[in-house]
Amino acid sequence: MTAAVLNDALEQGHVESHLHPEPTYDVDAHPVPSGREEIWRFTPLKRLRGLLDGAPSDSHLDIKEELPAGVTVTTISTEEAKALGVTPAFDRLGALAVANAGGAILVDVAAEADLDGPVRLLLSGASVDDVVWGHLVLRVGAHSRATILVEHTGSTTFDAFTTVLVGDGAQLDLVHVNDWADDAVHAEQINIRVGRDATLRQFEFTLGGDLVRTSTNVDYAGPGGSAELFGLYFADAGQHFEHRLFVDHNAPKTKSHVVYKGALQGAKAHTVWIGNVLIRKVAEGIETFEENRNLVLTDGCHADSVPNLEIETGEIAGAGHASAVGRFDDEQLFYLRSRGISEPEARRLVVHGFFNDLIRRVGVPELEEKLLATVEDELAKNVLKELV
Amino acid sequence: MSKLEIKDLRVQVQTEDGPKEILKGVTLTIKDGETHAIMGPNGSGKSTLAYSIAGHPRYEVTGGTVLLDGEDVLSMTVDERARAGLFLAMQYPVEVPGVSVANFLRTAKTAIDGEAPKLRTWTKDVNAVMERMNLDATFSQRSVNEGFSGGEKKRHEIAQLDLLDPKVAVLDETDSGLDIDALKVVSDGVNRFRERDGKGVLLITHYTRILRYIKPDYVHVFVDGRVADEGGPELADELEANGYEKYLATA
Ligand SMILES: Nc1ncnc2c1ncn2[C@@H]1O[C@H](COP(=O)(O)OP(=O)(O)OP(=O)(O)O)[C@@H](O)[C@H]1O
Ligand SMILES: [Mg+2]
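Taken in sequence, the protein lines are chains U and P.
Residue 1 is where the first sequence starts when you use the numbering used here, and the numbers rise one by one after that.
Residue 1 is where the second sequence starts when you use the numbering used here, and the numbers rise one by one after that.
It is worth saying that the hints were derived from the structure and are not from the lab.
Quick reminder that beta carbons are idealized off the backbone N, C-alpha and C, glycines included.
Check each hint, because a few of them may be wrong.
[Stated by the list, open to error] Covered by chain U, per the in silico footprint, the following chain P stretches (three or more residues, Cβ under 8 Å):
#1 69-82
#2 94-108
#3 120-133
[Said to hold, decoys possible] Computed from the model, here is a short list of chain U residues facing chain P with C-beta under 10 Å:
#4 Val128
#5 Pro307
#6 Asn308
#7 Glu310
#8 Ile311
#9 Glu315
[Said to hold, decoys possible] Sample of chain P residues at the chain U side, in silico, Cβ under 10 Å:
#10 Ile22
#11 Arg58
#12 Val61
#13 Phe87
#14 Gln91
#15 Ala111
#16 Asp113
#17 Asn145
#18 Gln160
#19 Leu178
#20 Ile180
#21 Leu235
#22 Leu248
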């Protein structure tokens with residue numbers, strides 16, 4: 001089914017939404033950004049290292065796979081990927097990735113499979129001078145249960161388009177770890193379609209890179225689907241981490257829950273979180289809540305946090321959002337210190353606590369340990385400096 | 001040994017209309033092993049006294065001294081005061097999301113003792129204290145004060161008192177918001193602490209109810225940032241009967 005056919009099937013047409021441009025694979029239909037457009041205004045375009053020029057390249061990331069039984073990985077043509085009926089690209093970077101990748105990697109989880117371990121894709125880059133275009137399709141069959149980890153490390157200038165099809169009644173935990181080297185540039189669009197009564201939990205951890213800009217767009221193939229989108233980012237001096245989320249409630253009785261938490265430290269650390277939610281006329285009885293919290297650990301950092309809720313029906317079960325950018329809570333530090341805990345140790349505890357409840361939800365113990373250790377490393381750079 | 005000496009303590013806070021003096025010269029000495037009750041009407045400055053002793057940054061000391069066993073408390077940081085042997089059970093304990101009670105207690109104990117507690121005995125001690133405080137086994141895994149009921153918060157404060165074993169404990173309205181069963185549990189906890197050698201307690205309260213379970217050696221009446229009257233336990237009975245009117249009228 002193509003997107004158009006699916007939209008017809010769901011009897012819903014195009015919605016003039018100020019939240020998003022019309023998706024299309026046609027590169028020329030996405031104007032070259034000037035930087036003033038709503039979807040580009042936060043991104044330092046110059047630091048995209050020429051990705052927007054769209055020069056072809058046949059460089060690749062090194063890929064290691066760990067595949068449990070019930071999972072296959074194949075290469076398909078760009079046309080075959082488009083024909084899978086996923087939402088096309090919302091911006092020029094997404095369209096360029098599809099146009100230049102020269103085909104897509106398709107990860108298939110068989111219908112009704114209940115995987116006995118996570119699918120792991122370890123992607124690593126060798127140099128920022130290599131421009132890499134990526135196109136990935138994750139297809140999780142109806143009523144299957146899977147965890148898919150996509151881990152990014154190393155140096156690269158990488159632009160990817162990823163589509164995720166969660167089959168009817170399937171349960172997918174999808175984890176993206178962006179743990180790039182300090183000079184990496186990474187742009188990615190992740191378009192997810194959640195099947196009828198399917199459950200998606202996505203975790204996005206952005207811990208390294210010079211510039212990381214991801215756009216996650218979720219819609220539903222039918223009623224009853226649920227999408228939980230969790231994110232954690234830790235930006236150091238000079239890093240730009242931008243996470244854009246768009247949940248299109250295009251079917252009744254669907255749910256979305258977005259929680260992104262970030263910490264910033266060091267001069268010119270910049271994070272951007274955009275949480276767009278569109279509730280269409282047909283989407284009666286839906287529930288949505290989105291939340292973004294930022295902890296500013298030192299002077300000279302900047303966190304942008306922009307929730308948007310656009311509601312076209314009055315018949316919703318619940319909708320809300322919360323957004324905050326703050327420093328350490330003096331009362332929390334006082335409480336901990338009044339128990340003898342030193343100031344740096346108290347700060348460490350507060351930041352750990354801030355991220356812990358998110359990390360704990362991942363459900364992959366070794367990854368949780370690694371993430372906590374990474375947070376610890378990050379803290380050691382600044383917050384704990386006084387301790388060492 | 002533990003002796004807390006507060007001499008002519010003056011404290012102000014910054015308000016929108018400029019600085020406001022709240023403590024107007026408080027003098028009070030808690031000697032080795034003594035329990036003192038401070039009673040006073042709302043807004044008289046009881047919590048301000050407690051927070052000032054603990055070193056809360058909002059309260060600015062403009063005069064006076066506080067000594068613990070002869071050492072200058074006011075020149076210490078908040079955590080140094082705790083490590084020197086002061087403990088404040090707060091009127092409104094603070095939530096620390098994502099930090100488990102177990103982790104918090106172990107970190108605090110390590111900081112106070114200067115070394116990590118022995119794992120085996122520590123776990124046993126924590127479990128025993130939790131049980132005595134009527135906090136169930138899952139309590140240790142919950143985030144500090146997050147979603148705790150009013151009573152659980154107070155019982156958790158007293159559990160810390162038991163485990164961290166300070167020299168002097170300041171208890172700020174630990175009795176408020178407790179039903180009678182919880183009040184007994186909390187009082188038992190405080191009394192167990194008092195039975196240890198030479199422990200000092202400054203018990204701040206609004207009501208005489210808790211003094212039926214925790215017998216103070218001295219009672220101070222606190223009005224408008226000062227000690228307006230002091231005496232033995234019988235003073236509490238008089239306050240019970242007559243309230244604070246007589247002090248407020250002359251204040
Ligand atoms: N940060 C502040 N800004 C302005 N006024 C303050 C501040 N903190 C305390 N006060 C004022 O100081 C006075 C004493 O407050 P405090 O909390 O110490 O009283 P209390 O005796 O503990 O009262 P309660 O019985 O209600 O707990 C009150 O009038 C209060 O409004
Ligand atoms: Mg008070």
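Hint check, failures only: Violated: hints 3, 4, 5, 6, 7, 8, 9, 10, 12, 14, 19, 20, 21, 22.
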